[in-house]
Structures are given as C-alpha cells and as structure tokens.
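> What follows is each chain in one-letter form.
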Amino acid sequence: MSGGREIILPNGTPRPDPGVPAGDRRSRVLGGGGRSTWIAVLSTVIFFAIVGFLIVSSSGWPEVRRSFFDAEEFAYAFPEILAKFWRNVFIFSVAEILVLLFALLIAVLRSLPGPVFTPLRIMAAAYTDLFRGVPTILVIAMLGYGMPALQLRGLPDSDLFWAIVALTLVYSAYVAEVYRAGIESIHPSQIAAARSLGLSRGQALRHVVIPQAVRRVIPPLLNDFIGLQKDSALIAFLGYTEALLRAQIIQAQDFNFTPYVALAVIYVAITIPQARFVDWLIAKERRRREGSAQL
Amino acid sequence: MTEAIRIEGLRKSFGDLEVLRGIDLTVDDHEVVCLIGASGSGKSTLLRCIDLLEPVDAGRIWIEGDEVTGAGVDENAVRRRIGIVFQAFNLFPHMTVMRNVTLAQEKALDRDPTDARAKALELLTRFGLLEKADDYPDRLSGGQQQRVAIARALALDPDVMLLDEVTSALDPVLVAEVLDAIRELAAAGMTMVIATHEMGFARDVANRVAFLEEGTLLEVGPPAQIFSQPREEATRRFLDRIIAAGRM
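Chains G and P are the protein sequences, given in the same order.
Every letter in the first sequence is one number past the one before it in the numbering used here, and letter 218, counting from 1, is 218.
Every letter in the second sequence is one number past the one before it in the numbering used here, and letter 57, counting from 1, is 57.
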C-alpha cells in the first residue's frame, strides 16, 4: 500500500498566505541564481559519482548485476511483461472509475445529518473501518477464490471480475475518507448560503459542497490511485496472468531476477509522472490563492 | 399597511446561553428596520431565525401573513421568499459571478436558464457589476463581492431582505458602495431588516430603529427619537459608547 495517507487540504477559505512569494519558494529547491545552480549541479554529480563508484567496486556487485541487471534478460523480459501490463492498466482503470463513484456515495452517506440516517451512517463507517483494516491481499483472496467457489447462479466466476471488485472495495474505503475530509472542510457558511437561497439539503450538497470538496481532495485522491495501481500486482496471487505473474514465470524459467526489475521500471515510469502531476496541482492551487490574496 | 414580518415571543438558546429572550417585532411592507446593539446582543441570531437557518425554541414568526414556524412548513419555500446577505458574503467560490446569481433561480425556483440569466444581467447592471459577470468571486474586491451577494439574494424576488452586518468585513473605503446599493433598495421600496453598526446609515435609511441588548428588544422607534432621545438608559449608554468610539 502506498505510503503517505495524510490529507493535505488546501486551506479552505481563500485567505492570504503571508509567506514568501511563489518565486522565492521555488528557488529554494533548484538553487535560484546562476552561481547556486552551478554549485547544486556540481555537488549532485560528485555525490552520485562517489555512490556509484562505491557500489560498482564492491565485491558482490558482479553477482548482483548478473541477477538483477542482465541486459539480455531485460531485453527479452521487458516487452513480454509490458504486454501483460496492459491487463493491469485495464484492471486499475476500471477500479478507479468505480472507486470514484462508490467512495463518493459512502462519503455522502457518512455525512448525512440527523438521527433518521443513523443506520446509514453506521453502515458507511463500518464499511470504511473494515476495508481499511483488512489487508488488500486478503480481500483479493477471499473474493477471488471464495466467490467463484460458491458456484452461485448469477454470480460471475471470473477471477478478473472479483479482483476488480476487491480493489474497488478496499480503495473506496480510503477514498471515501478522503472525500469526507473534503466535505467536512467546506465551511458551514457555504451550506447556510445555499440553504438561505431556498436550495434543498441535497441541492446544496450537489451544487455547492461536493464540487468544492472534490476540487480540494484531488491531490490526496490521486495519491490513493497510485497505491491502487501498485496493488493491481496483488492479483498475481489469484493466478491471473498479469504483469507480475508473467515476470515471476520468466524469473523461474531463467533463474534471474531482471524481469522483476523490468516490471519495477514500468511501475515507476507510470507513477512518477502522476506524482509530479499531483505536485503541480498543489503548486497551481497555491499560486491561485496567492494570486487572489494580492488583490 | 400589511405586515411583512410578525414575530411573537421568539426565544433561542445555544446550550445554556439564551441568545434571544422573547422578541416581539412587526415589520410592515416597504419598511426598513435597523437592528442596533453590541456584538453578541442577538442581532445575527434574530435574522437567522427569521430565515429559518436556526430552529427557534419558542415563539412564532409570520411572513406576509403566513406562519413559518408551525409544523409541516416547507422551509425551502419560506427561504425562497426571504433574501439574506451575510457579513462574510458567502459567495460560492467555485462559480462565476453569473452562476452565483443564476444557480438558485434555476434550482430553487425552476426558472428557465434564459430567464435566470436575463434576471442576473439586470441585477448585475443595476449594481455596477456587469463587467464582472464571468469572473470568479476571488477576483473581486470585498465591496464588489458583497454587491454580488445582494444581487444573488434579490434574484429570487424575495418579499423581505435581511442584511446581517453586511459592511462589517469591508475595508472602510468599500463601505460606501455597499451602503449606496442598500439605500437604492430602500428607495425602491424593499422591505428590509438590517443589522448594522453604521449608525449614520441607520439614521438615514431606517423607518424605525430597534435596539437589542442581551437578547431583548429594549426599544423600537423612529431614528430621530432613538438617536436623540432614547427612552432607555441602556440605549443611551450604548450610543454614548458608539459616539466615543467615533462611529457616529
């Protein structure tokens, strides 16, 4: 499961951030002016040259290179694994769409006010507690092996189907909490304004609360999606030939771990752009708020 | 004269704190009543109770002769007849100015989008905001945002407007443009209840001024009488403090 679960919400109301202007903040990362840029480049090159030299010159390196970084093995395994990785892409894409909708439903149920809705609130809370508590691989095993074994009429027995259901259930629990944090971050005065205009509770939620909440939670939501994409590899456990199982088969045939590295490369290649995209969204939101504060 | 608002024995507590202790007040059609009193005296709560944004503990309220505090009242329908403007504007930040003004027309009144847009254009023109129609609220000054909030409330053609310290969050230089908009509304015959700390404005615009202290309406009367010859000692003390603070 992916690391950072904390939700960084852009601070609700458009309030001036008295900090440094955006330009100064950026310059701290990349060193700003000409001289500091050169120092940053030079120190980086030297640092990695030393680390690289130490690794390559260590006694175990030739063995490590043979097992993990065999160029010939990589050239054979990479396209083989990539061909199966499209199955992962299909699985996590379908799951992501389902999660977006199902998690919002759970979050809305949990945010319903009033004593009448207590059973629904309890149900939604129990759901999120349960599926955040059980390991993803266990849910995949229970549904993927268990449901087809029931041989119930009308229930699909495809392991692919149940794998998608399992990922959707687990990640909806996380994303529902993200949505809920977003919904609760909307100031009650927004709801009061909507209700004062004669909008019903549902209309206020639909037109005023949810659109603002979703906008605020896009970064943490995308972080959860990165976790979901990685967890699509757990489906190998069901014997469904997606990328990880394909890599495992090649590894077992050739007694070489390079196929795993090839799959890692694929995962990193799709997740890093997404992580950068999340950073960019957060920075854009911050710039927007600073821009409006200068008025 | 018919009554726009009638309030009898209104009580409201938050926990142990009794904020309104039996309010009786009537507001006639086309009348402007200004609520004055210290912060915490219950002005905002009174306005929020009239708009049913806070459930009342006891007492009854009628709007244009219809009781709105009874059982089985459609609160949404009541709120459509009452426009309220808040101290902090409370515009919808994710919508353009235009959408802020058309949303409730379409969703609460089922007005045709073309008609809603025409109504919004008319109101934005009236308040000098036409060129801001496609901007988002955070690109507007506080005074402009508050005028959009007034336009948004007026778009539903309310019977009554409630204004809750609408200039308190504004830069002093922006107060005048909002007060002018309210004066214009008063001149057009809009029934209004205005909670305000702007005593000069209250004296100009109000038909009657009501002084609230600790949840009780101590005295209600024409501005000339309240400001020059208050009957109650508490009113006199409050006005002396306002004058000492240079707010009048």
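A couple of the hints might just be wrong.
Some, not all, of what chain G presents toward chain P, calculated at C-beta under 10 Å [said to hold, decoys possible]: (1) Thr136; (2) Gly146; (3) Met147; (4) Gln151; (5) Arg153; (6) Gln190; (7) Ala193; (8) Leu199; (9) Gln203; (10) Pro211; (11) Thr241.
Okay, the calculated beta carbon distance ranges per label pair [stated by the list, open to error]: (12) G:Gln274 x P:Asp112: 40 to 46 Å; (13) P:Ala245 x G:Thr271: 19 to 25 Å; (14) G:Ala126 x P:Asp171: 57 to 63 Å; (15) G:Pro211 x P:Gln229: 49 to 55 Å.
Far from chain P, some chain G residues (derived; all Cβ distances over 12 Å) [what the hints assert, rightly or not]: (16) Leu42; (17) Val56; (18) Ser57; (19) Leu160; (20) His187; (21) Pro188; (22) Arg195; (23) Leu197; (24) Arg206; (25) Ala213; (26) Arg215; (27) Lys230.
Derived by calculation from the structure, the hints in this document are not laboratory data.
Note that the structure is predicted; figures quoted are calculated from it, not measured.
Virtual Cβ for every residue (Gly too), placed ideally from N, Cα, C.
> Against each hint, give a clear statement of whether it holds in the structure.
A quick look at each hint next to the structure:
no. : hint                            : in the structure
1   : Thr136                          : violated, 34 Å
2   : Gly146                          : violated, 44 Å
3   : Met147                          : violated, 41 Å
4   : Gln151                          : violated, 49 Å
5   : Arg153                          : violated, 44 Å
6   : Gln190                          : holds, 6 Å
7   : Ala193                          : holds, 4 Å
8   : Leu199                          : holds, 5 Å
9   : Gln203                          : holds, 5 Å
10  : Pro211                          : holds, 5 Å
11  : Thr241                          : violated, 45 Å
12  : G:Gln274 x P:Asp112: 40 to 46 Å : holds, 43 Å
13  : P:Ala245 x G:Thr271: 19 to 25 Å : violated, 60 Å
14  : G:Ala126 x P:Asp171: 57 to 63 Å : violated, 50 Å
15  : G:Pro211 x P:Gln229: 49 to 55 Å : holds, 53 Å
16  : Leu42                           : holds, 43 Å
17  : Val56                           : holds, 54 Å
18  : Ser57                           : holds, 57 Å
19  : Leu160                          : holds, 38 Å
20  : His187                          : violated, 8 Å
21  : Pro188                          : violated, 10 Å
22  : Arg195                          : violated, 6 Å
23  : Leu197                          : violated, 4 Å
24  : Arg206                          : violated, 9 Å
25  : Ala213                          : violated, 10 Å
26  : Arg215                          : violated, 7 Å
27  : Lys230                          : holds, 32 Å
In summary, the structure is inconsistent with hints 1, 2, 3, 4, 5, 11, 13, 14, 20, 21, 22, 23, 24, 25, 26 from the numbered list given earlier, while agreeing with the others.
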